[in-house]
Amino acid sequence: MQYNGTKIGRHLTLVRERAGLKQADLAKRMDLSQAVLSRIETGERPLSLQEALAALEQIDSPEARSLANALKRSWQILPQPPLDHTEQDLLWDAENTLRDLMAVRDRPEETQLRVRRASEYISEIKRGSARLLKRDHPIVFMGSIGMGKTQALCQVLELLAIAQDGSRVPALEVGGGGTTVCEVHIRTGPQYGILVEPRTAWELRHDIEDLADQVLGDGSDSSSPIATESQRLNNEVSRAIRNMAGLAVQRVRQSDGKRIVHDPLSTLALDFPDRGELVIEIQSRMELHQRGRRDIWYDSACGKSPMVWLKETFSSINNGQNKEFPLPKRIEVVRPPLPGDVPDLNLRYIDTKSIDRMVAREDLECHFDDPHTLVVLCSAFNNAPAAETRLLIERARDAGHRNLKAHIAILVLPRPGEALAMKDDATSEPVQSVQEGYELKDEQIRRALSPLRLEHIGLSFFNAVEDSPTDLQRFLVERLRELRFTFKEQLQAVITGARALIDDDEKNASASAQDVRQAMYGWAATHGRMDPVHTHVHDSLLAQIQVAYASTIRASIRRQGECSDLSYDHHIGYGARRLAFAVLGKSVTEFHNHCNSLLNDSHYADARELIEQARRVLDRSYEDLLRKVEMAAQFIFRETSQSSPSLWRECSLEWSRGPGLKERVAERNRAWFVSEQPLRMERQLIALIEREWKKALNAVLELSSTDSSLQPMSQTRTLEVPVSLAGPQRVATG
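28 is the number of the first residue of the sequence shown in my numbering; add one for each residue after it.
Worth flagging that the hints you see were computed from the coordinates, not collected in a lab.
Being a predicted model, the structure only gives us computed values, none of them experimental.
Wrong hints could be hidden among the right ones.
[As the list claims (entries may be wrong)] Label pairs and their computed distance ranges (CB to CB):
id : residue 1 : residue 2 : range
1  : E304      : N410      : 41 to 51 Å
2  : V574      : E509      : 31 to 41 Å
3  : H619      : E456      : 37 to 47 Å
4  : N410      : T497      : 21 to 31 Å
5  : Q471      : T523      : 34 to 44 Å
[Unchecked claim] In silico lysine-lysine, BS3-like type, Cα no more than 27 Å apart, as pairs:
id : residue 1 : residue 2
6  : K689      : K613
7  : K331      : K350
8  : K432      : K655
9  : K613      : K655
10 : K34       : K161
Backbone N, C-alpha and C define an ideal beta-carbon position, used for all residues, glycine too.
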């Protein structure tokens, strides 16, 4: 990115103001009129690099000198960071280190060992720099239905409207749970507005079919568990579709005080008893061809305050009452920046759909894989940490997600009076203050998280009725700062190691490498084998079928597994990651322990940075392996299931066969997964894991090997693979 003379004005203004210098004084020092300097600071008049440096010299503050240094830099390898990036100096250090590493890599007389290590360092620094350069951070709120996470989020982001009684109420729709039709994203922008990502025609069609089935009935005994649970259709979606089609339930209170409920959709179903015809009739009444709008922005001419406008507009879109908008798949709320916002980070707050029985959902668990995301797990006060919180953490751990302490925070949402109801475990005496109640609950939560080794995780309390949101805002920012500090530490460690390689002479590097290689080779020969496989890729799916609502199971089967609440693809991918973690996680931990032992041995003092690099290479290869196995499992399953339509047909037939639906559907799935094609799929994945693990070990050993012909393990065994993803059908492993 080249120097931009129109953008420097904003930075010049900030530096001048922080230095306590008035615009008129700086203009005088620069021998300019104040009007000209004003145009420069607003970006109307471009400023040459020489003029910018001269202006900063006149300001003469530490920040001005730092900005001047940043302007003088010429970036050749890494993208030029924005001028307000807080890690300018570290990234410049990374840039210079990359130049020196490339010189080592491209030098003809260098040994292959140093070339390989330099190349690996180049890749590491580029990855670490890209992670630090990126300043977009999602903050994802997850929690059970009716907990109050949306209200807490509105308090933190100051999305509060004034109600008729003068009270401040959330501008986003809240209720007793099951209120929002989809996931809601909140970000900053030029003004207040709402953007809608609509459901696809395929998704909407299936949503309408689910509603039609609910109204028409399923043919089972009305007192059966199936009939009862079939009413657990997504209420938010059902309500929105009814409103869009003009078929909302009507409640009329008679003169005697009794209330009569009239359901126009049930009446319509009498005229269209065929499900297909009813679906077409509902869809035609929704007038989807007129619902083409995707965004709407606040206009002061409407005569309402921004928050009142936002509350009313959001509610109308969320409930399907705005005739211009389609049924949303995602709603994005835009608000102008506030004084309390973090100026150097781009934050996107995500209010997920509440958890109603189904914890293991794709829209929740996808966030654990993004290194820039802070996942905020919300719990009610009395049962904190909630069972849903523990289960999400356990599943993330079992899928091989690492460094959860940095990426997860727990937010406890007490209601008024709950903290004061706490009693001291030692004395059985009630607490004397809310803060004391928080402290006791904090101790209980950390004891409960101790088996997960997360007793030191970030934890905060927030009563949306009584507590100031400032403390919660500060807590979230601190968690993000700590997360970014891990990025900084990791990049700094790589740069330090790379500098040691550049400065080390070839003789010492070769001798150290041979010692380390011998130690690494010994470990790989004795500990580098995969543990036996005692799990299956479909275990997670079968477990979730047992706890899902019957209507959720039916919706998933109708969509051939592509249902957000019960996604076959997601659970198969998760199951593959879990399988890989089960057979390799222990080995990765043992390798870390082995590296620690070498680092504590004075004999390897000259090879510390080589050992550290080897550990990082295995970690990176292992993470790549997990992602690759997850994607491969989803791809193979989708192809396999599409060639087996009997799975969906047989499962759909179970709906009208009375109680025991979950057990029968689970057994149908279990029987399918142990048939020939799915078993072949699982063997393919195991073979893939073995191949990728061997590649990971080879990548580690190559860092210290001067002989490329050496193999990591002297003994091999074979795994029979009828059909592999690629390569031979017999895979050699250690």
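Q: Could you work out which earlier hints the structure fails to respect and list their numbers in ascending sequence?
A: 6
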